[in-house]
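Enquirer: Line by line, the protein sequences are chains F and V.
Residue numbering for the first sequence is 1 to 399, as defined by the working numbering.
Residue numbering for the second sequence is 1 to 439, as defined by the working numbering.
If you are wondering where the hints come from, they were derived from the structure by calculation, not from laboratory data.
Think of the CB as a built atom: it goes at the ideal place given N, C-alpha and C, for glycine as much as any other residue.
A few of these clues could be false.
Just a sample of chain F residues kept apart from chain V, beta carbon distances all over 12 Å, derived [unchecked claim]: (1) Pro57; (2) Arg65; (3) Ala99; (4) Asp173; (5) Gly194; (6) Arg240; (7) Arg276; (8) Asn285; (9) Gly286; (10) Asn345; (11) Cys365; (12) Lys369.
Using C-beta positions, here's what the derived DEER-type ranges look like [what the hints assert, rightly or not]: (13) F:Ala72 with V:Gln300: 24 to 30 Å; (14) F:Ala99 with V:Ser224: 18 to 24 Å; (15) V:Arg112 with F:Gly286: 30 to 36 Å; (16) V:Ala359 with F:Thr54: 51 to 57 Å; (17) F:Leu107 with V:Val130: 34 to 40 Å; (18) F:Ala99 with V:Gln294: 45 to 51 Å; (19) F:Pro36 with V:Glu113: 49 to 55 Å; (20) V:Gln300 with F:Asp273: 58 to 64 Å; (21) F:Asn76 with V:Asp325: 25 to 31 Å.
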Amino acid sequence: MTRRTLTGAAVAAIAATALLVGGALRVGGEETTRTPTNQLVRTGLEEQSLARRTGEPTHYTRSERALRQALAQDPNDVRALIGLASLANTRHHFREGLALARRVLGLSQDMALAYGVMGDALVELGRFDEGFRAYERMVALKPSIAAYARVAQAQSLLGDNDAARTSIRLALDAAVDAETRAWAYVELGRLDRGDKRFAAAASHFRRALAVSPGNPLALEAWGETEAARGNLERGIALQRQAVANRFSPEFAASLGDLYAVAGRPKAAAKAYDVVRRQEQRLAENGVDTDLDKAMFQLEHGIDLPGSLALARRGYAKRPGTEASEVLSWALIRNGRCGEAVRYSNQALRFPDGHRYFHRGMIESCLGRKAAAKRLFRQALETDPNFSPIWARFARAQLH
Amino acid sequence: MRTLVLAIVGIAVAAAVLAVRGPAPEAGQASSHREAPLIAEDPSADTTDLYAFRSLDAPNHLTVIANWIPAEDPAAGPNWYRFSERARYAIKIDRTGDGKADVSYRFRFRNREDTLFLGNTVQDYTVTRVTNGRETVVARGVTPPNNIGPRSTPNYRQLADAAVTSLAGGGKVFAGQREDAFFADIGAIFDLVAIRKGTGNMGGGKDFFAGYAVHGIALQIPISQLDDSDHTVGVWATTERPRVKIRQFRKNGIRRFHEQKQWVQVSRLGNPLINEVIIPTRLKDKWNRLSPHQDAQFEQYYRTPILAAVINQLYGLGVPEQNRDDLVAVLLTGVPGLNFTGPTLADMLRVNLSIPPTASPNRLGVLAGDTAGFPNGRRLTDDVIDIAERAVAGKLKGHPAGDLLGDGVDGNDVPNLTSFPYENDPPSGFDNTKGQQKP
Chain F
1 MTRRTLTGAA VAAIAATALL VGGALRVGGE ETTRTPTNQL VRTGLEEQSL ARRTGEPTHY
61 TRSERALRQA LAQDPNDVRA LIGLASLANT RHHFREGLAL ARRVLGLSQD MALAYGVMGD
121 ALVELGRFDE GFRAYERMVA LKPSIAAYAR VAQAQSLLGD NDAARTSIRL ALDAAVDAET
181 RAWAYVELGR LDRGDKRFAA AASHFRRALA VSPGNPLALE AWGETEAARG NLERGIALQR
241 QAVANRFSPE FAASLGDLYA VAGRPKAAAK AYDVVRRQEQ RLAENGVDTD LDKAMFQLEH
301 GIDLPGSLAL ARRGYAKRPG TEASEVLSWA LIRNGRCGEA VRYSNQALRF PDGHRYFHRG
361 MIESCLGRKA AAKRLFRQAL ETDPNFSPIW ARFARAQLH
Chain V
1 MRTLVLAIVG IAVAAAVLAV RGPAPEAGQA SSHREAPLIA EDPSADTTDL YAFRSLDAPN
61 HLTVIANWIP AEDPAAGPNW YRFSERARYA IKIDRTGDGK ADVSYRFRFR NREDTLFLGN
121 TVQDYTVTRV TNGRETVVAR GVTPPNNIGP RSTPNYRQLA DAAVTSLAGG GKVFAGQRED
181 AFFADIGAIF DLVAIRKGTG NMGGGKDFFA GYAVHGIALQ IPISQLDDSD HTVGVWATTE
241 RPRVKIRQFR KNGIRRFHEQ KQWVQVSRLG NPLINEVIIP TRLKDKWNRL SPHQDAQFEQ
301 YYRTPILAAV INQLYGLGVP EQNRDDLVAV LLTGVPGLNF TGPTLADMLR VNLSIPPTAS
361 PNRLGVLAGD TAGFPNGRRL TDDVIDIAER AVAGKLKGHP AGDLLGDGVD GNDVPNLTSF
421 PYENDPPSGF DNTKGQQKP
């Protein structure tokens, strides 16, 4: 799970879109007539739904085209605006997503979904308190699967996994379709995985697959969990299916790393090729991949100076804890450990195995060996498989 | 031109129906995804239909039926459709015409077990009657299991009958899976030129809801408990979900999830199609959160319906766009001489309890002179799609676009039951046939 940071974000985005699109269409009752605008809005939102299901990024381009045309006909069409806001977030253009969500709220203070989309942007921009307030507003206006999902995400970020479980269970209870139920089981599994309850996690992933056979989110998360508990080949088999079932550079990178630690460099290289091709496709369809690309290169020792430049650019656009983590890692990998401290501190607002490890690398680089060891240990205790590749490295440093 | 009028108004209504029900079931299948994007966000909370009527077999009672979870596919497996445990469902009744509930019947459901692998969809439930803030449990019931097939759920009729429970103080209740009594030709309505026979008033449509199930709650309440001098009551259904906080409240270090539980109403339904056809998108969440007595703020959307304007803008039909006091009366105050409840504007399904049920109901209800049907309450057989098409086109104002409109589906695909709970048993997964062609 080398690219855990961004995988987390991507998965959240996938789930969020899943719920959002349903919501957007649900509120889209003015599609009561087959006017050209309504048809365009419908198409725009359906394309996003297809993107979510397949991962295929050309749907983003098509969605944007339709929604922009709708907006040209009616600049105040709230459905088109919400659709574009969520699309901007999906493409990691969070400032644009924020501005669009605010435009919706300027037209109506009462749309729960608009608060959700605004919160998504704020959280990714590192403005957590405002983002969480937006989520709470959303759930106060209209408790729904989409609102519970966001509350759970916030609770999990704050380290309160029990509260997050309660919220996901509310969403699960409300869900009647297979995809949403599978999503909820995967989330419950992720929370168990985060608490190192591997067996419980695996049983949730199995349930997700029973509800939604071949579900790539479940296969990927289950594969990672199996690898984390030492079943490397099982993990590879599951993640191979995940990659086959869904366009996702995150999934391909994760599979590549499992191949790498399994001593199968050729298979790993092939998976990494998929990552590069898919990221190219994402970029061609308007997704900002700076941080993802930087993270991938840093993890695998590719073009470190170029990665630092990408990380700085990414941080400027999207200064959340994920960007802080990538930038701090980029500085570390380029030997600028003193400068990395500031960003590492920011990232440790929401600590995890990766972030403790990075801090350990800073300490090590600054010559503070005891502190470094303590942090490596803390990283591994927090998550023994925070990264298949770097967890090994951290373990080696302890001896 | 007639066909066009029909189709346009029809599309409007069909899309409205879709908005509340998710896709027409077949539309979902055509794209080979049950999780089609149009599936409503919260089907276990969104009420699809509300009915209120006096029936021939129990004329001294008011029967109220509300449905949730549209387009349940009986053949879906594993079949996990059930009421939401963490939601609060209610049927509310205003006796005085002020738009506020005088009597509420509140429902909470509890699962017997996680159904995922065992397919056990039986739920226990409690009915609480709330009057003047006083809460009384009036029934504890059990839903029948969903109708899986003759091996899993044999003798389904008996299972369903056994699930009918008495209410303390009189009346009865049923909750569980039912055949969707709603009927409409969504496919034809969406296709401009495909009204299957003539202009739609000759039958021959295809009921897209045939073969699909819903989860329904049915109540039969003695009229003596509701009636007063003006005889008319207003009925609506609501669903609430709990609001949660990100940072959980803790007391002495112990988590208190329930102490800060606040219920938020997320859905309501009085008259059919209001949330979909009348209320603008940006106000839907708000409308769903409020009580009918707060509906005056939405009057302009009833009086000047967006829909009529759009129809004229596109097709120049001269449908009346403004001053639709006909719609305001039908939907917000009741019709004078029929079921008028006073000046308070409140979206409720109004029933005049003094009008007896008829042995020969007309599907067009009051529009056809049958005052025992919609908009005086709503029976399972009332053809609200055709009525809505004609009403929006100005039938009540004598507008000529009126009488021949329809979707060609004039009744349900299976007979409704002649006694409580009236909605028929759900089609079984084993031998279901969805979307039957009517002859």
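Enquirer: Run the C-beta distances from Arg65 of chain F to all of chain V and say if the shortest one exceeds 12 Å.
Expert: Answer for Arg65 of chain F: holds, closest chain V Cβ roughly 17 Å.
Enquirer: Please verify that the nearest CB of chain V lies beyond 12 Å from Lys369 of chain F's CB.
Expert: At about 38 Å from chain V, Lys369 of chain F clears the 12 Å cut-off, so the statement holds.
Enquirer: Taking C-beta pairs only, is Arg276 of chain F more than 12 Å away from all of chain V?
Expert: Since the minimum Cβ distance to chain V is about 30 Å, Arg276 of chain F lies beyond 12 Å and the statement holds.
Enquirer: Kindly confirm whether 25 to 31 Å is satisfied by the beta carbon distance between Asn76 of chain F and Asp325 of chain V.
Expert: holds (28 Å)
Enquirer: Look at the Cβ atoms of Gln300 of chain V and Asp273 of chain F and judge whether their distance stays inside 58 to 64 Å.
Expert: holds (60 Å)
Enquirer: Does the claim that Gly286 of chain F lies outside the interface with chain V hold up, using a Cβ gap greater than 12 Å?
Expert: holds (20 Å)
Enquirer: Could one say that the CB atoms of Arg112 of chain V and Gly286 of chain F fall in the range 30 to 36 Å?
Expert: Hint violated: Cβ distance 49 Å, outside 30 to 36 Å.
Enquirer: Per the stated criterion, does the least C-beta distance between Asp173 of chain F and chain V lie above 12 Å, as a non-interface residue requires?
Expert: violated (5 Å)
Enquirer: Minimum Cβ separation between Pro57 of chain F and chain V greater than 12 Å?
Expert: Holds: least Cβ distance 17 Å, greater than 12 Å.
Enquirer: Hint says 24 to 30 Å; check whether the CB-CB distance for Ala72 of chain F and Gln300 of chain V agrees.
Expert: holds (27 Å)
Enquirer: Was Cys365 of chain F rightly flagged as not at the interface, with every chain V Cβ beyond 12 Å?
Expert: Cys365 of chain F is indeed farther than 12 Å from all Cβ atoms of chain V, at 36 Å.
Enquirer: Find the nearest Cβ of chain V to the Cβ of Gly194 of chain F and say whether that gap is larger than 12 Å.
Expert: holds (17 Å)
Hint check: violations occur at hints 4, 14, 15, 18; the rest are consistent with the structure.
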